[in-house]
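Listed here are the chains, written in short residue letters.
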Amino acid sequence: MSVVAPPDEAQAVDGPSEVATPGLERQAERAKARQGFLLGLPAILYLLVFFVIPLGVVVAYSFATRTRSGRTELRDWNLNAYARLGDDIVLTVAWRSLWVAALTTVICILLAYPLAYFISTRSAVTRNLLLVGIMIPFWSNFLIRTYAWRVLLDSDGLVTQMVQATGLGDGRILFTTNAVILGLVYGYLPFMVLPLYAAIERIDWSLVEGARDLYANGWGAFRRVVWPLSKPGVVAGSILVFVPSFGAYVTPAILGGNKEGLLGSYIVLQFLSARNGPVGSAVSVVVLVVMLLGTLLYFRAGGKNL
Amino acid sequence: MHDTTDGPRPAVELQGVVKRFGDRSGTEVTAVDDLDLRIADGEFFSLLGPSGCGKTTTLRMIAGLELPTAGSIRIHGEEMGLRPPNRRPVNTVFQNYALFPHMTVAKNIGFGLEMRKVPTGDRAELIDWAIQLVEMGALAHRKPGQLSGGQQQRVALARALVNRPEVLLLDEPLGALDLKLRQQMQHELKTLQREVGITFVYVTHDQEEAVTMSDRIGVMHDGRLLQVDTPEAIYERPTTRFVADFIGQSNFLEATVASADEVVLANGQRLRLSSDSPSGEAVAVTVRPERLTVHRRGEAPAGLHHLEGRVETVTYLGNAIVYGIGIDWMHLDVRCPATLAVERRDVGDEVTVSFEPRHAAVVTG
Amino acid sequence: MSKGVARSTAEPQGLSRWWLRGHSLLVFVFFYAPIVVLFVFSFNDSNAVGNWKGFTLGWYEAFLDNQNVHESIWISVKVCLFSTVIAVVLGTASALALERFRWWGQKAFDAVLYLPIIIPDVTMAVMMLVFFGETAHWFNVIPGVDLTSGLEKLVLSHVAFNISFVSVVVRARLANLDASMEEAAADLYANRWQAFRRVTLPQIMPGVLGGALLAITISLDDVVVSSFVAAVGATPISVYVFGMLRKGVSPLVNSVSVVMLTASISLVLASLVFSRATGSEREERLKT
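Same order as they appear, the protein sequences are chains A, B and C.
Residue 1 is where the first sequence starts when you use the numbering used here, and the numbers rise one by one after that.
Residue 1 is where the second sequence starts when you use the numbering used here, and the numbers rise one by one after that.
Residue 1 is where the third sequence starts when you use the numbering used here, and the numbers rise one by one after that.
Only chain A is shown next, with the shape it has when bound in the complex (with noise of 0.2 Å):
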C-alpha cells in the first residue's frame, strides 16, 4: 500500500456517500462483450468473405443475366431464371427428388427404428460394441461407400447374380432410381440410427413397466408409451436424412440413369454443360430455403444438434 493515495481514492474513503460506482458494472460489460466480439471477429470475417459474400453473388447471379455466350453478367436483373422454374422439366426433377428424399427417409426409419431399438435394450457392453459398428460406416469415406454398391449392383456383380439366381427377376437396377435410392439410404442410415437411439436410450423404462401393469400388452405399450417419446429422435434423423437426400449429387451421378437426375445433377449440369448461371443460381437459391425451412422445423420440433 502506498502512504500517499491518489485523490480520487482519498475522496473515496473520505465522503461516504459520494463513493457510489456507478457505470463501473457496465463499464466491465462493455470492455468483456469486447473481448468477446473479438475473439469471434476472425471467424466472422471469414465466414463474411468466404461464405455470405459467395452466397449473396448466388443470389445475385439469379437475378443476373445470361448472355448468348453462356456469360453470366451482373446487370438488367430480371426474373427469367425464377420464371423458368415452371418448366416442365424443373417441376419433373424437383418432384422426383422431393419423393426420393422422402422414401429414403420412411425407409431409413423402417430399417433403424428396431435397430435402434435393439440397441438401446442390451447391456452396456454389447450397446457400445454395436454403436461403434454404427460409427464405423457414418465416418466412413461416403463416395467409396457408395462406389461399392456400384460394384455389387453392375451387370454381373454379387446382387445382380443372387437376384437372378433366385428368378425373381433380372435384377438390373443400376442406374436407375431405385439404385439411387438404395445408395442414398445406405449412405444415411447412421444419420438416422444414432438421433433414433439417443431418444430410445433416454426413455425411462419403468414407464413401460408402468403400461405393462396397467394391462397394455407389448404392442401396446410401444405404441402408447415408446414411440412417442422417441419422436423427437424420429423428426431428429429425418431432417439429417431428408436434407441430403434432397440435394444429392454424388449418390446420383454414381448409381443413377442420366436420364433421371435429381436437383442436385440439374444445378450442376446447369453450371459445368448448360453454361447458365441464372437458372442454376435460382434453383440452389430454391433448395436452400427448401433445406431452411426443413431445418427450422426441426428446431421447433425441439431439437438442438446437428
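These aren't lab readings, by the way, just hints derived from the structure by calculation.
Possibly wrong hints are sitting among the right ones.
Residues on chain A that point at chain C, a partial pick, calculated with CB under 7 Å [said to hold, decoys possible]:
| # | residue |
| --- | --- |
| 1 | Ile44 |
| 2 | Tyr61 |
| 3 | Pro137 |
| 4 | Val250 |
| 5 | Val287 |
Because the structure is a prediction, the values reported are computed rather than measured.
Positions of the beta carbon are idealized from the N, C-alpha and C atoms, including for glycine.
Once you've looked at the hints, dock chains B and C against the given chain A.
For chains B and C alone, coordinates are given in the frame of chain A:
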C-alpha cells in the same frame, strides 16, 4: 470517516453496494440492495440467509467475479473498483470446489503460486505447508476425481489458503457434505481460521453452521442485510421477525407499541419491554420455546411475565418435551427438558406460561 | 440396478424378440457387406469388377505405380491439414466467443454459423464457383496469392464449411464445462489467457480433437465442392476417384477405394481407442 479514528481499519468494507441483474426480457432483479457492511481483521464472519437472498452475490462481488451496479468495496482500505479477480488480495473456496480435474492435488494447490510467479523452491515449501495444514499429505499426487467429497473440500481450502490471502471467501463450502462430516469440518474450519489468523467471510444458509463457527453473523433477506451481530445477540435479541424465525424457532405474540418501554399484547395485557419502534406501531414479541416455563395455573412465580392457557398437544422428543399451548388468541410452543424432576403436563391441563422479561424481544416486520 | 431390471421389460418377448434380432443382424449385414465385397474384389484378377477370377495384387501395384493418384493423395493431405488447422483455430475461438461472452450481433453470427452445416453440398459448390469466378482476379492482386492454382481455393472453401462443424463440437464441450473452473482460475491470479491455456483448453481438448477429426473426415469426404473449385494439377483424391468412376469402372478404383476406406476407418478406430482410454481413466478416477 469515523473508522479512521476509532478502531482498526476493517478487512472488508462495503458501502451502498447494489447489484441489479437484467435478464433478456429487460426486467431487472435487485439481488443486493444498498448494503453497508464492515468486517474486522481476523474475524470469522458469516453471511446467512435463505437461497436467493443475495449472500452469494455479495461474496462474488468481494471476489471480483461480479461487479456492483453501485457502491464501493474496499479491502483493507483499498478501493477494488474494476479490479479483476486475479488482482484482488482475496481467494475463494467455491461451493462445488471447482478443483481442476486434470491436475493433481499438489498442482491444484500450487496453481495460484505459479500464476503469481512465486519461485519454485518457495512454492514447494508453501504447498507442503498447505497440504500438511489440511492433512492431505498421502494424497498429494491424486487427481480430484479420485478424492471423496470431504477430501476435495480440504484441497479447495488448501488451494485458497496457500496464497495467504488478506481475506478468504467461502461459498457454502460444506453444503455438499453429509451431516457427520459437516459437523467435523465446522470444527476444523474454526480451528484453522484461528491458526492462520486470516479473515473468513463465510456464506451459508445453515443457521446452525453460522452460529457454531462465526464471530459475527450478518443475516440477509431479499438482498438486504437485516441484522449484523454476534451469534448470541442474534439469537437472543433479534430485531426482525424474519431473523427470529430464521435462526432457530420462536413464538410470536402480536403486539402494539405503547411507549418506549411498554408494549400491549393483542389481549390487552401490558408487558414492560423496550423497543425502538414509535408508539402505535404493530410489532411482535418473540420468545424462544425453551425460554418459556409451564406451571400449574396460578403457581407461576411473581416478577415474570405470565400468559394463561391450556395444553393442547404434548410431543415427546427424548431429551425434551414440547407442549403446544393454546392461549386465548393464539398458540405457543414451550420446550421443557425431559427430566424426571420436571412435572409432566397432560392435554387439557389449565396452565400458566411464564418468561423472564430479558428473554423476550420486540421485533418488527 | 433398477434400470437393468426395467430393461428386460423393454425387450419384447416371443416371436417379435427374434424378429428384432434378425432385423438388426440384417441391417448390420447391409452396412458391412458392400465394404467387405469391395475389399475382396480389390484382389480380383479380372478387368470386370463383378466376377471372381482369382487372387492378384496387381491392382495395388497399379495403385503404387500411378503417379496421378499419388499426386492427388498428396493434394488431399495438404488441403486437409491446412484447412483443418485453420478451421480448428477459428472454430474454437468462435465457440468460446459464443459460449462464454455476450456481445452485440452474437445471435446473427450464431445463425450464420449454422448455415454451412445445413447447406447442400451442391449449393456450397456453386457459391464457391461463382465467388471465385467473380473475385479471383481481386485476390490475385494481393502479393503472394495465386488463386488460379486451385490449392488455395480448395483450402479456403474447406475452411468455410469446417469452421462451423468444429465450432459446434467444441461448443457442446464448453457448455458442459462448469464456468466456475474459469472463475477459480481467475480467483487464483490467472489472467484470461492463462486461465484459457491452463484450465479451459486442457478440459475442452477432447472436443477440439473431435472437431478436428470431423473436419479431417469432411475434408477428405468432400467431392462436390472440391470438384467445382479444383484446378488442373490440384485434384484431390476424392475428385480424382469420382472422375474415374464417371468415366467407367476400372479395378484400379477398387484398390484406391480400399486404401481410402482403410485410412478413414483407422482414423475412426484410433479416435475411439483414444477416447476410450481417456474415458476409462475418468471412470477409474470415479471409482476410487
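Hints, one by one, checked against the model:
A distance limit of 7 Å between C-beta atoms decides the matter here; for Ile44/A the minimum to chain C is near 6 Å, and the interface restraint holds. Interface hint status for Tyr61/A: upheld, as the beta-carbon distance to the closest one in chain C is roughly 6 Å, under 7 Å. The beta carbon of Pro137/A is positioned within 7 Å of a beta carbon in chain C (closest approach about 5 Å), and the interface hint is therefore held. The restraint placing Val250/A at the interface with chain C holds, with a minimum CB-CB distance near 5 Å, inside the 7 Å limit.
For Val287/A, the interface hint holds, the least distance from its beta-carbon to any beta-carbon of chain C being 6 Å, beneath 7 Å.
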